[in-house]
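Enquirer: Chains as they are written, first to last, in full-length UniProt numbering: chain A, 1 to 443; chain B, 1 to 443.
Worth flagging that the hints you see were computed from the coordinates, not collected in a lab. Here the structure is a predicted model, which is why all the values come from computation and not from measurement. Among these hints, one or two may not hold up.
Remember, identical chains collapse to one label, so a pair may be satisfied in a single copy or spanning two.
Unchecked claim - Lysine-lysine pairs mimicking DSS-like chemistry, simulated, CA-CA at most 27 angstroms apart:
{"id": "1", "residue 1": "Lys279", "residue 2": "Lys346"}
{"id": "2", "residue 1": "Lys224", "residue 2": "Lys279"}
{"id": "3", "residue 1": "Lys224", "residue 2": "Lys346"}
{"id": "4", "residue 1": "Lys77", "residue 2": "Lys224"}
{"id": "5", "residue 1": "Lys77", "residue 2": "Lys279"}
{"id": "6", "residue 1": "Lys346", "residue 2": "Lys77"}
Number of protein chains: 2
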Amino acid sequence: MLTGMSTALFTDRYELTMLDAALRDGTAARHCVFELFTRRLSGGRRFGVVAGTGRLLSLIRDFRFDEAELRYLRDEKVVDAATVAFLEDYRFTGSVSGYREGELYFPGSPLLTIEGSFAEAVVLETIALSVLNYDSAVATAAARMSIAAGDRPLAEMGSRRAGEHSAVAAARAAYIAGFDATSNLEAGQAWGIPTMGTAAHSFTLLHDSEEDAFRSQIDALGVKTTLLVDTYDIRTGVETAIRVAGTDLGGVRLDSGDLPIVAAEVRAQLDELGATNTKITVTSDLDEYAIATLAAAPVDAYGVGTALVTGSGTPTAGMVYKLVARQAGDGSWVSVAKASTDKASKGGRKAAFRTLDAGTATQELITVSDGFENVPSAGEFPDARPLQAVFVTGGEIDTAYEGAAGVAAARTHHARVREELPVRALALSRADPAIPTVYVDVD
Amino acid sequence: MLTGMSTALFTDRYELTMLDAALRDGTAARHCVFELFTRRLSGGRRFGVVAGTGRLLSLIRDFRFDEAELRYLRDEKVVDAATVAFLEDYRFTGSVSGYREGELYFPGSPLLTIEGSFAEAVVLETIALSVLNYDSAVATAAARMSIAAGDRPLAEMGSRRAGEHSAVAAARAAYIAGFDATSNLEAGQAWGIPTMGTAAHSFTLLHDSEEDAFRSQIDALGVKTTLLVDTYDIRTGVETAIRVAGTDLGGVRLDSGDLPIVAAEVRAQLDELGATNTKITVTSDLDEYAIATLAAAPVDAYGVGTALVTGSGTPTAGMVYKLVARQAGDGSWVSVAKASTDKASKGGRKAAFRTLDAGTATQELITVSDGFENVPSAGEFPDARPLQAVFVTGGEIDTAYEGAAGVAAARTHHARVREELPVRALALSRADPAIPTVYVDVD
Numbered sequence: 001m002l003t004g005m006s007t008a009l010f011t012d013r014y015e016l017t018m019l020d021a022a023l024r025d026g027t028a029a030r031h032c033v034f035e036l037f038t039r040r041l042s043g044g045r046r047f048g049v050v051a052g053t054g055r056l057l058s059l060i061r062d063f064r065f066d067e068a069e070l071r072y073l074r075d076e077k078v079v080d081a082a083t084v085a086f087l088e089d090y091r092f093t094g095s096v097s098g099y100r101e102g103e104l105y106f107p108g109s110p111l112l113t114i115e116g117s118f119a120e121a122v123v124l125e126t127i128a129l130s131v132l133n134y135d136s137a138v139a140t141a142a143a144r145m146s147i148a149a150g151d152r153p154l155a156e157m158g159s160r161r162a163g164e165h166s167a168v169a170a171a172r173a174a175y176i177a178g179f180d181a182t183s184n185l186e187a188g189q190a191w192g193i194p195t196m197g198t199a200a201h202s203f204t205l206l207h208d209s210e211e212d213a214f215r216s217q218i219d220a221l222g223v224k225t226t227l228l229v230d231t232y233d234i235r236t237g238v239e240t241a242i243r244v245a246g247t248d249l250g251g252v253r254l255d256s257g258d259l260p261i262v263a264a265e266v267r268a269q270l271d272e273l274g275a276t277n278t279k280i281t282v283t284s285d286l287d288e289y290a291i292a293t294l295a296a297a298p299v300d301a302y303g304v305g306t307a308l309v310t311g312s313g314t315p316t317a318g319m320v321y322k323l324v325a326r327q328a329g330d331g332s333w334v335s336v337a338k339a340s341t342d343k344a345s346k347g348g349r350k351a352a353f354r355t356l357d358a359g360t361a362t363q364e365l366i367t368v369s370d371g372f373e374n375v376p377s378a379g380e381f382p383d384a385r386p387l388q389a390v391f392v393t394g395g396e397i398d399t400a401y402e403g404a405a406g407v408a409a410a411r412t413h414h415a416r417v418r419e420e421l422p423v424r425a426l427a428l429s430r431a432d433p434a435i436p437t438v439y440v441d442v443d
Numbered sequence: 001m002l003t004g005m006s007t008a009l010f011t012d013r014y015e016l017t018m019l020d021a022a023l024r025d026g027t028a029a030r031h032c033v034f035e036l037f038t039r040r041l042s043g044g045r046r047f048g049v050v051a052g053t054g055r056l057l058s059l060i061r062d063f064r065f066d067e068a069e070l071r072y073l074r075d076e077k078v079v080d081a082a083t084v085a086f087l088e089d090y091r092f093t094g095s096v097s098g099y100r101e102g103e104l105y106f107p108g109s110p111l112l113t114i115e116g117s118f119a120e121a122v123v124l125e126t127i128a129l130s131v132l133n134y135d136s137a138v139a140t141a142a143a144r145m146s147i148a149a150g151d152r153p154l155a156e157m158g159s160r161r162a163g164e165h166s167a168v169a170a171a172r173a174a175y176i177a178g179f180d181a182t183s184n185l186e187a188g189q190a191w192g193i194p195t196m197g198t199a200a201h202s203f204t205l206l207h208d209s210e211e212d213a214f215r216s217q218i219d220a221l222g223v224k225t226t227l228l229v230d231t232y233d234i235r236t237g238v239e240t241a242i243r244v245a246g247t248d249l250g251g252v253r254l255d256s257g258d259l260p261i262v263a264a265e266v267r268a269q270l271d272e273l274g275a276t277n278t279k280i281t282v283t284s285d286l287d288e289y290a291i292a293t294l295a296a297a298p299v300d301a302y303g304v305g306t307a308l309v310t311g312s313g314t315p316t317a318g319m320v321y322k323l324v325a326r327q328a329g330d331g332s333w334v335s336v337a338k339a340s341t342d343k344a345s346k347g348g349r350k351a352a353f354r355t356l357d358a359g360t361a362t363q364e365l366i367t368v369s370d371g372f373e374n375v376p377s378a379g380e381f382p383d384a385r386p387l388q389a390v391f392v393t394g395g396e397i398d399t400a401y402e403g404a405a406g407v408a409a410a411r412t413h414h415a416r417v418r419e420e421l422p423v424r425a426l427a428l429s430r431a432d433p434a435i436p437t438v439y440v441d442v443d
């Protein structure tokens, strides 16, 4: 349901007017290298987690202008007839490489490298940034929550606090970065993510009594379900839950109150009633700090909503899409970069490696080359892990990174590379990046 | 391109499992009143601005489970066969009323009232909240920026900093709340919003010189275009711009630096060069506070990105969807509400009025009734403006609120009702709501 539609107008107008001008003056054909990266880790994060790439690849496949879109561009005089004709046949035939989803990133990490003619590559700027900026912001927040939660399972429940499509992307990003399940059914269908859920207060209020509601839920979902016990009085709710379900009840959910205290009281009450295996799930406005505070409380699982889907204070990752090298009129390569002091960026094509010492990351090593061919191979940095994979070659997308299989692989990759983080990266407070970014000129 | 797809899985799993249980025990048929409201104005806002309703109405029309979705629900055993059969025929046949888009809101304002059987109304919870929470957060931030900008035009340019679909919703919400244009082409096509754009640094870097780039842009877009002058040195950029374009140049854009100082320097330089009508647009990480700071600077227009699409620190509006009244088994009406101390809500059906004193809002007056019929009419509060409109009757959507026409009407409505705000509501600092919410029991 989320595929096959044209994605071509998820685009800032200036991408097409720049194309229009470049087609007129001939520079549209110049071969270009764009890089997508962030200048800093927003929100004082110690690391970032890449997400969205697999989603973006499918969106690039669907980046074809349909008739209604072309008519709109013509009628609104956004571009001229020659540019409309170009867009009519548009499909991306260049190449894309970059960091795999789930990979960690640091300031300057070349998360995506997009190569092609200026015409083909410039128009992907907006959609590439939309996807990577949101999804990576959520994945980064999710990884911090996952670190705070330790072995306790985490469920994503934030759909209602994000735009309806972003909600699906958030569930996907959270799963890649260590969450175990989502409440979002579209994320389940589209991306193969396990879905879960309990019940809302409205279900209890619909019934003539809490007992009726609990009995109905157990009749439908079995005794291993999780009952929401805080609609009226929590102590009474727990008592009713065990009376109705018996001591095999799967779990109870707490969605209000001072959670460390309430969780301890509920645990004691459940144990007293003999329901020693009944789990406690908490869900009230949690973020990574609240989760850390609950580490010593008798909580078995967390449900996280608002903070997750809004990036826990950092709702966008601050990535940019910059031209770093291009061909000159004579075919030679030129490194290019904006010079403005507060937003300067580093020209030249990058290759990226993570140096490791006994398995622990020590540096984000980024080589910079003027030319197209001078890219170092992994062999030149034997103690470093090369960070870039090839996603698109000559317009052909490697489908291994797409769909549910891509998500599953990304989740595994993230779990593995997170092990490389130095211990100081696991703290939640604001700080500098956990490892430095080091540039090496290779020309 | 954004319509016609099924929206039925933009839904939390528990909506469908509650439905499953309620279908088994017979309560699914109970007539219910759900309300969508917020308990407080997140972020210390003095008022909120409703957005998303028109979008939501179309999404409700498309809330039909397609075959692949039904198969998913069956294969994953989310619900039983009887519930799948119910969902196969699902379409909302109830009614929806509430605040028009662009309307102001305060704590407790019943932004939407959804009536129907529990079965029909409960499943709309997630999508209704996704849409209203995001869109209203953006609209509220946009209104604050619009107040700070005064008569200077505001363009929305944040697509790259929000999920690709949320970007379109953000452009729409910003336009309703007072922005003048967007960079997002899909927002232009889908919602009839004026689009605009200048050029990116990549366009200058693509060319062999800044002069080549400016000449190309002027050849394509004419002399009234806006040139981006900060890729290298701003003073040189301005000089080149006027040399190439002449003194009729439409505008220059500044995207970096200490804007009040730089804008003053550029204005002086433009005036010296005789380009006294050339406008200055600024676009570097603006929010309502930065815009207010620039009030005395010679700036002609603002472009706002990140802060707009992330709600300027409040990326979600904190709205909830609560069952407030239902029929009992005997057909009588019962007001219901959760009792938990920190998240208590007020049961009973609400009607809402804004009391006015000489045209200035004084109270959000909300009447509360147990029953279905005891809703006060506007005539009972002659000095108050009734705030609710009817959007859906017996499943039939009033199309006046949808599409581009709905957006245009919402924008006009917002401009009108914003005039009712007391002066203290226009300050940007965190504070209590500008007017109190007053409940009146009418039973």
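Enquirer: Between the shortest in-copy and the shortest cross-copy C-alpha distance, which are at most 27 angstroms for Lys224 and Lys279: within, between, both, or neither?
Expert: within (10 angstroms within a copy, 66 angstroms between copies)
Enquirer: Regarding Lys346 and Lys77, is the shortest C-alpha distance of 27 angstroms or less found within a copy, between copies, in both, or in neither?
Expert: neither (35 angstroms within a copy, 52 angstroms between copies)
Enquirer: Go through the copies and call it for Lys279 and Lys346: within, between, both or neither, with a Cα cutoff of 27 angstroms.
Expert: Neither way: Lys279 and Lys346 sit 52 angstroms apart in one copy and 31 angstroms across, limit 27 angstroms.
Enquirer: Checking an output row: Lys224 and Lys346, CA cutoff 27 angstroms. Within, between, both or neither?
Expert: neither (56 angstroms within a copy, 32 angstroms between copies)
Enquirer: Under a CA distance limit of 27 angstroms, which applies to Lys77 and Lys279: within one copy, between copies, both, or neither?
Expert: Between. Shortest inter-copy distance 22 angstroms satisfies the 27 angstroms Cα cut-off; intra-copy 61 angstroms does not.
Enquirer: Between the shortest in-copy and the shortest cross-copy C-alpha distance, which are at most 27 angstroms for Lys77 and Lys224: within, between, both, or neither?
Expert: Classified as between: cross-chain Cα gap 15 angstroms, same-chain 61 angstroms, threshold 27 angstroms.
Hint check: violations occur at hints 1, 3, 6; the rest are consistent with the structure.
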